[in-house]
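All chains, full assembly: derive it from the sequences and hints.
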Amino acid sequence: MWPPVIIPNDPGGVTILKTFYESMLSGQLIEATWVSVSRLFIGFIISIFLGLFLGFLIYKYKLVDETLGFFVTTLQAIPNIVWFPLAILWFGLGVSSVIFIVVLGATLSITIASSTAFKSVSPLHIRVAKTMGSSGFHLFRTIIFPATVPQLISGFRIAWALAWRAVLAGELLGGSGGLGTLLDLGRSLQAMDLVFSIMIIIGVVGTLIDNFVFVNIERRVLTKWGIVPQK
Amino acid sequence: MTTNHIVLNNLHKSFNVKKNAPVIALDHVDFTIQKGEFISLLGPSGCGKSTLLNIIAGLDQQTSGELLVNGKPVKGPGNDRIVVFQESGLFPWLSVLDNVMYGLLIKGIDKKEAEAKAMEWLAKVHLTKFAHSQPHELSGGMKQRVAIARALVMDPEILLMDEPFAALDEQTRMVLHKELENLWRETKKTIIFVTHNIREAVVLSDRIVLMKTRPGGIKNVFEVQAARPRTADSLTTHLENRILEELEQEMEKVLKEEFGSDYSLKTDRVSSNPDRYMGSDI
Numbered sequence: 001m002w003p004p005v006i007i008p009n010d011p012g013g014v015t016i017l018k019t020f021y022e023s024m025l026s027g028q029l030i031e032a033t034w035v036s037v038s039r040l041f042i043g044f045i046i047s048i049f050l051g052l053f054l055g056f057l058i059y060k061y062k063l064v065d066e067t068l069g070f071f072v073t074t075l076q077a078i079p080n081i082v083w084f085p086l087a088i089l090w091f092g093l094g095v096s097s098v099i100f101i102v103v104l105g106a107t108l109s110i111t112i113a114s115s116t117a118f119k120s121v122s123p124l125h126i127r128v129a130k131t132m133g134s135s136g137f138h139l140f141r142t143i144i145f146p147a148t149v150p151q152l153i154s155g156f157r158i159a160w161a162l163a164w165r166a167v168l169a170g171e172l173l174g175g176s177g178g179l180g181t182l183l184d185l186g187r188s189l190q191a192m193d194l195v196f197s198i199m200i201i202i203g204v205v206g207t208l209i210d211n212f213v214f215v216n217i218e219r220r221v222l223t224k225w226g227i228v229p230q231k
Numbered sequence: 232m233t234t235n236h237i238v239l240n241n242l243h244k245s246f247n248v249k250k251n252a253p254v255i256a257l258d259h260v261d262f263t264i265q266k267g268e269f270i271s272l273l274g275p276s277g278c279g280k281s282t283l284l285n286i287i288a289g290l291d292q293q294t295s296g297e298l299l300v301n302g303k304p305v306k307g308p309g310n311d312r313i314v315v316f317q318e319s320g321l322f323p324w325l326s327v328l329d330n331v332m333y334g335l336l337i338k339g340i341d342k343k344e345a346e347a348k349a350m351e352w353l354a355k356v357h358l359t360k361f362a363h364s365q366p367h368e369l370s371g372g373m374k375q376r377v378a379i380a381r382a383l384v385m386d387p388e389i390l391l392m393d394e395p396f397a398a399l400d401e402q403t404r405m406v407l408h409k410e411l412e413n414l415w416r417e418t419k420k421t422i423i424f425v426t427h428n429i430r431e432a433v434v435l436s437d438r439i440v441l442m443k444t445r446p447g448g449i450k451n452v453f454e455v456q457a458a459r460p461r462t463a464d465s466l467t468t469h470l471e472n473r474i475l476e477e478l479e480q481e482m483e484k485v486l487k488e489e490f491g492s493d494y495s496l497k498t499d500r501v502s503s504n505p506d507r508y509m510g511s512d513i
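Heads up: the protein sequence lines correspond to chains A and B, in order.
Each residue of the first sequence is one higher than the one before, counting from 1 in our numbering.
Each residue of the second sequence is one higher than the one before, counting from 232 in our numbering.
Don't read these hints as lab results, they were simulated from the structure.
Here the structure is a predicted model, which means the values were calculated and not measured.
Take these hints with a grain of salt, some might be off.
Here are the in silico distance ranges between beta carbons for each label pair [as the list claims (entries may be wrong)]:
| hint | chain 1 | residue 1 | chain 2 | residue 2 | range |
| --- | --- | --- | --- | --- | --- |
| 1 | A | L208 | B | E368 | 29 to 35 Å |
| 2 | B | K306 | A | T207 | 52 to 58 Å |
| 3 | B | L466 | A | G226 | 49 to 55 Å |
| 4 | B | A463 | A | G136 | 46 to 52 Å |
| 5 | B | T468 | A | I217 | 54 to 60 Å |
| 6 | A | T67 | B | E454 | 55 to 61 Å |
| 7 | B | E483 | A | I217 | 51 to 57 Å |
| 8 | A | H138 | B | L475 | 43 to 49 Å |
Built from N, CA and C at the ideal position, the CB exists for glycine as well.
Structure below.
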């Protein structure tokens, strides 16, 4: 079950490194990675808009807070892959089902993060803005939203990790291409070298996005705000 | 020429903290403020001075009574009355310049003109160098200067200040007193200044409104007739002592409520222990 990493068991036999290298060269892995990452992006961008919108409604209307707000927390407790059978019924086997569960997972997390953040904006800033004549949506656009940027970024960072998991789970079960489907193919062929190669890619993509996108943005924002000292 | 700028007519404010037991923050407040006057609201904590300021600002509403500015009742905040708070409340996501421009852009002034005006005011508070810094790079005193510039750039008729210098060190505060006095003389704004510092009130104000607690309201009004700029001379010191005497009555009332009726400010004051010196020079 455990394929050798570098040195093959028999001459010319499989190793994880060799499979990784070869499937990268053949473009099979890169293509699958591209498919998965593009789904992640589409799903995640939809989630950001949807999550911020729901978060705003929860922040703004008490009634929504008491109904939807409670509901969102309950939904959050259900692992999003559980929705997959329903998604297949509604959207059929394919891209839309995968994106559905990605959006479901990430949106809830962003909704919770953003509504909490909007509610915790310093009353002092709100009062300053009001005394200057700001109100209504202007107040939201110029004060409440920018004031919550640091918390929103942390929220996004958690949400995208959930989304990435959802992409792979969906592909694994749905067989609609991408890394997850390739992983399932490796399983059915008993090609553990391929399975391990894909696991490496999943981890690498995760680390790259986290470090080059989110950590960077987070550091820049926190430095600008003076939350962490400038280097 | 004097005109009644702000009129408080039998103003009353209570908070419903617990059911059926409203806390009276302000009771029967009658007061008239002239245009261009510098008024201090002085009192122990809990006397409703900040509440009164917030009502004038329109951030809070009176329970009953009348509040007129220029003869018109106040309905909510307006940019003719700008507040400077104890903590500067600068927006950390905006540069100093953008902070000062914030209100101007709401007014609908175009960006170039707003920038020019903001720079002009930053120059008046001696912060031109820091226009493009972020707020966290400034010291506490500088932040308050920006907050004052941000308020005055709006050209409000009334400047409301809620313990603006309370969090600063003594030296910075003294400098800012001078600068505020100069700005006030230059712009002829009506200023309402909340403080718990008697000296600050005496140095800056035309009139000092001493407030009382439980129920909150006006206890006495002192007119400061010393010539400006004021220094600690016999006139101001005498006034300070007079105010302190009345303030102590209020403080004692609060302390008695908190620590029991046997508490007394005067008798608990021990200046030195005579036993220690007994026979020390034998």
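Status of each hint after checking the structure:
no.: 1; hint: A/L208 x B/E368: 29 to 35 Å; verdict: 33 Å, holds
no.: 2; hint: B/K306 x A/T207: 52 to 58 Å; verdict: 56 Å, holds
no.: 3; hint: B/L466 x A/G226: 49 to 55 Å; verdict: 44 Å, violated
no.: 4; hint: B/A463 x A/G136: 46 to 52 Å; verdict: 49 Å, holds
no.: 5; hint: B/T468 x A/I217: 54 to 60 Å; verdict: 58 Å, holds
no.: 6; hint: A/T67 x B/E454: 55 to 61 Å; verdict: 58 Å, holds
no.: 7; hint: B/E483 x A/I217: 51 to 57 Å; verdict: 56 Å, holds
no.: 8; hint: A/H138 x B/L475: 43 to 49 Å; verdict: 46 Å, holds
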